[in-house]
Amino acid sequence: MTHRELMHRSEAAVSVELETPGMTLNIGPQHPSTHGVLRLVAKVEGERITEIEPVIGYMHRGYEKLSEVRTYAQINTLVNRVDWVSGFANEVPFILGVERLMGVEAPERAQWIRLILTEFFRISSHLLFMSSYPLELGATTPLMHVLREREYLLELIEGVTGGRFHPNFNRVGGVKPNYGGGSQTKKQSMDLPAGFFKLVAETMDRMDQICDDIDTLVTGNELIKARTIDVGVIPADKAIEYGLSGPNLRASGVVYDLRKVESYLPYDQIDFDVISRTGGDCYDRYLVRLGEIRESVKIIRQAIDIIPAGPLQAKVPRVLKVPRGQVYSRAENPKGEFGYYIVSEGGKMPYRLKIRSTSFSNLSILPWILNDQLIPDLVAIMGSLDFVLGDVDR
Amino acid sequence: MSKGITFPFPGLFKGMGLTLKTMLKKAPVTMYPDEKEIPVPRARGVISLDADACTVCMLCARECPDWCIYIEGHKEAQEPAKPGGRIKTKNELDRFDIDYSLCMYCGICVEVCPFNALFWSPEYEYAEPRISDLLHNQEKLGEWLETVPKPPALESR
Amino acid sequence: MSDQPDTSGDTDVNPLEDYASEMSERLGAQEFSVEFDTVRVLVERDKWVETINAARKELPFFSWLSAIDWSRDTEVGEGVSDPEDLEERFEVMCRLSSVTSADGVIFVATLPKDDATIGSLTATIGGAEWHEREAHEMFGIMFEGNTNLVPLYLPDDFIGNPLLKSFPLIAREVKPWPGDVDVEALPEADDEGGAS
Amino acid sequence: MNFWLELVISLVVMLAVVLTSALVTIYVELKAGSHMQARIGPYYAGGRWGWAQPLADAAKFLQKEDLAPARADRTVYGFAPYVVLMSTLAIFAVIPLGPDLVAANLDLGAYFLLAISSLSVLGILMAGWSSANKYSLIGGLRAAAQLIAYELPLVLAVVAVVIQAGTMSLNGIVEAQQVTLFTVGGAEIALPFILTGQIIGFGIFMIAAVAELSRIPFDMPIAESELTMGYLTEYSGIRFTMFFLGEYASMVGLSAIAATLYLGGYGAPFLPESMANFAGPGIFFVKVAALVFFIIWIRFTWPRLREDQLQSMAWRWLIPLALFNIGLVSIFKVVF
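Chains as they are written, first to last, in the numbering used here: chain V, 555 to 948; chain R, 8 to 164; chain H, 197 to 392; chain A, 81 to 416.
It should be emphasised that the hints constitute simulated quantities derived from the structure, not laboratory data.
Just so it is clear, CB atoms sit at the ideal spot from N, CA and C, and this is done for glycine as well.
Don't take each hint at face value.
Claimed, not checked - One-sided excerpt, in silico: chain R residues whose CB lies under 10 Å from chain A:
id, residue
1, Thr26
2, Lys32
3, Pro46
4, Val47
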């Protein structure tokens, strides 16, 4: 008999005498476990949640509206701020969509650089989860250990793109080819800096090491297991119905990874596995992400061996005017399916840009999954969904 | 007990071994004010301005997504190169301000500048107690110019 | 993008075309279009819920739901390319996709501006609730059957539907554009590029 | 000696010992915890190693405004921290630092300890209820539930010690651990209780003690990721300092009890009787420090359990185990 059933039974026995009226508990918008400004209005009886209403929008920046007054190059600086821990991975589907509308294709080297940087950001995003999730369960040390290692990765990203979080490195038709700024500096290429491959190899060894450390500190820890196994189980049909994607979907037993099914970036030339689990509980979601870090390390190791020399950007007009058309372009963001529906009316700015952000859909399951859970499990479940509020509110 | 938990709780004690090991090692910390963190050459720290190169073409101010660059200028007549030659007009920069409280460090202005006037510098120590002090004027932007590093060498492959 | 069949050229050989036509025929949809690998199937407003529920048998994954405001009255950004021919309307879009392949279809329903009402998907798709709430507050579209159409992002006392083309973007109106002060005409960047 | 003089001296000495040990514990937690997390921790305060950090923190807290929520029950709210601190200080009155170095040598020392250490929950409940904050209330109630669940294994573990020692006086218990058990090559060997059949009891005592201290992995009453700060949510300034000091003082206090009951108190295997009053406090300090470090160590390694898991652990595992332990010790006592 599980704890939960026991709890139910004992509560039933007690509630005959001790009838307590419910209470409304307002969690957030300023609360340590809401990752920013999520607010949850929970009706609780004791510690058990009987009804929950998530209130979002405290960080609504109106990116869809702002995009309508910005050129495509300017939008690129916005979209990497939607989910700010995976900035580059957000730029990729947007730029791919614009490229599809314009009929340009990025040169091969640019595609590989995109792939490598996307995987960097995947590791970075998952490492952030590895640090924040144990913190939500009360363990403070993984945070420091993991962020320490993530710093090496961010420095690597900064060395290539100039930005740690918001690279703004994708350009229509490739990646940023040169520094810009007049004839002298314009010629100075933004290609990978010297020693990059060696540094990547070293950093990837570090990533393997930190994965082992995470295993020691978190995965094998019995208290973590007690808190996460069989907690917050999302069955596959519910996950599909609510549009959960990425590791959250794969933990429920649906093996669906856009890197395999959509043919974008040269993922088809790389040998990697799609990590999935079948339980759908918090522990499985955690394990899928940990496995994906290891897979990404594998991908990057292969990619730095394959990457060919060549130009960074295809020929594109100086002033970007995108032909009329509508396109839905999506890619596997660290958190799941990230897509853009771009409606162009032939101008310099899109007529409408719909951002299909991952966390928005991932979080929409909250009212269903948090019903009849305990307050401590609320924190465990919410954390395991790995959302970024900027990605929810856009 | 939930599944996957075995009695002597080996995981708990393995974790304690790791924290103890970390405690005995030297902490990988840069002691910041005493010891400066050196950013990579490409780091987007602050934008520096070479005012002499600027021709007040307004491209950067127009392309800026945040509208945080303010430029003013006037035309000035220039002495003709040889006596009797045509009098040229030249644009003189009066004001070039970047409001770093609005800037989102995207680098579009540096990219679009056609005259080698804007550069990225990796400097980062310009936090201010008052938000209005984050508006850097022409002189201040010019001071950053000497901190602009040479671009790094490129990977051979 | 590299290995995708090029759809902007000859569309006859595109397998997506066959897929879309078969799909729309089976669902009894009005028409379909395939551009840039994006399959759009037009659905009658009255058959919206029914069609999507039928389509979920093979495309179970609910990806997103949103709308477009096709309008001549454009306060922000660039308007449509041919304002004269434009039929003012809302398009409600819902994307379903497979969880085994790259297949995915965007279902589109057209709503007139004066009667922007459509059936709600929330009875069968739990995830549609937030998306419908968003479309409701951003465009003012009513979803019949969704009992919880309270604002999702905006404050409770907010007036207006921000994503309508006629809704001004205040941030761009309270501050003058710094690029507006002109000293001289824009130099032709291409000519000047190698000058200095 | 004059009774009053003795009282004043022991009061001042005990107070100094308690406050110093609390501050030192805070410092060790800051510093050791930082290094476990690959950080430096306190660095500037006081010049070297940031040794003055706890003092600086205390000075900062004292300057802060003493806030109380508008709807708080001010009397209870203001009084709660002192109840907690008082119950903690009282623990130290009976802890023997040497054969004669004890503020009050009670015959029922162990009984007094258990009674007084559970008083702190009263203060916590007062704090939780009077704050007029739902998080505080839940935190306070969790603390109460936790205390009820863990007081029992704690008492049962101590009962086994009392049975083995045959006395409730703490001095008596320490002396019972100095009794020569056997001789090896002329050296008289006396072993603390942890090595003579109380290993299970020690485990139960430490688990229950950590639970009573509300520290990770049992810090559900505070649980900052769930309840922001539990019953401490609304406290600031001097009252928060009282809670803070109280927490660390009781950490030292419970470690001192554990050292006395299981680790032989001020005694050491080869320590001659005559030296006990001089070397005793040092030896005792080392033992307490080891236990305090252990508690800090697990705080920086483990996550937090869930309240219902903690309850089920207490009622389904610890209490039966403690009863079993009593039985075992009793049989042991009767047979030998």
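Can valine 47 of chain R be said to touch chain A, with a Cβ gap under 10 Å?
Where the cut-off is 10 Å and the nearest Cβ of chain A is about 22 Å from valine 47 of chain R, the hint is violated.
Satisfaction of the proline 46 of chain R interface hint, Cβ to chain A closer than 10 Å
violated (21 Å)
Going by Cβ atoms only, is lysine 32 of chain R closer than 10 Å to chain A?
holds (8 Å)
Agreement of hint threonine 26 of chain R with chain A interface, Cβ distance less than 10 Å
holds (4 Å)
Against the hints set out earlier in the document, violations occur for numbers 3, 4.
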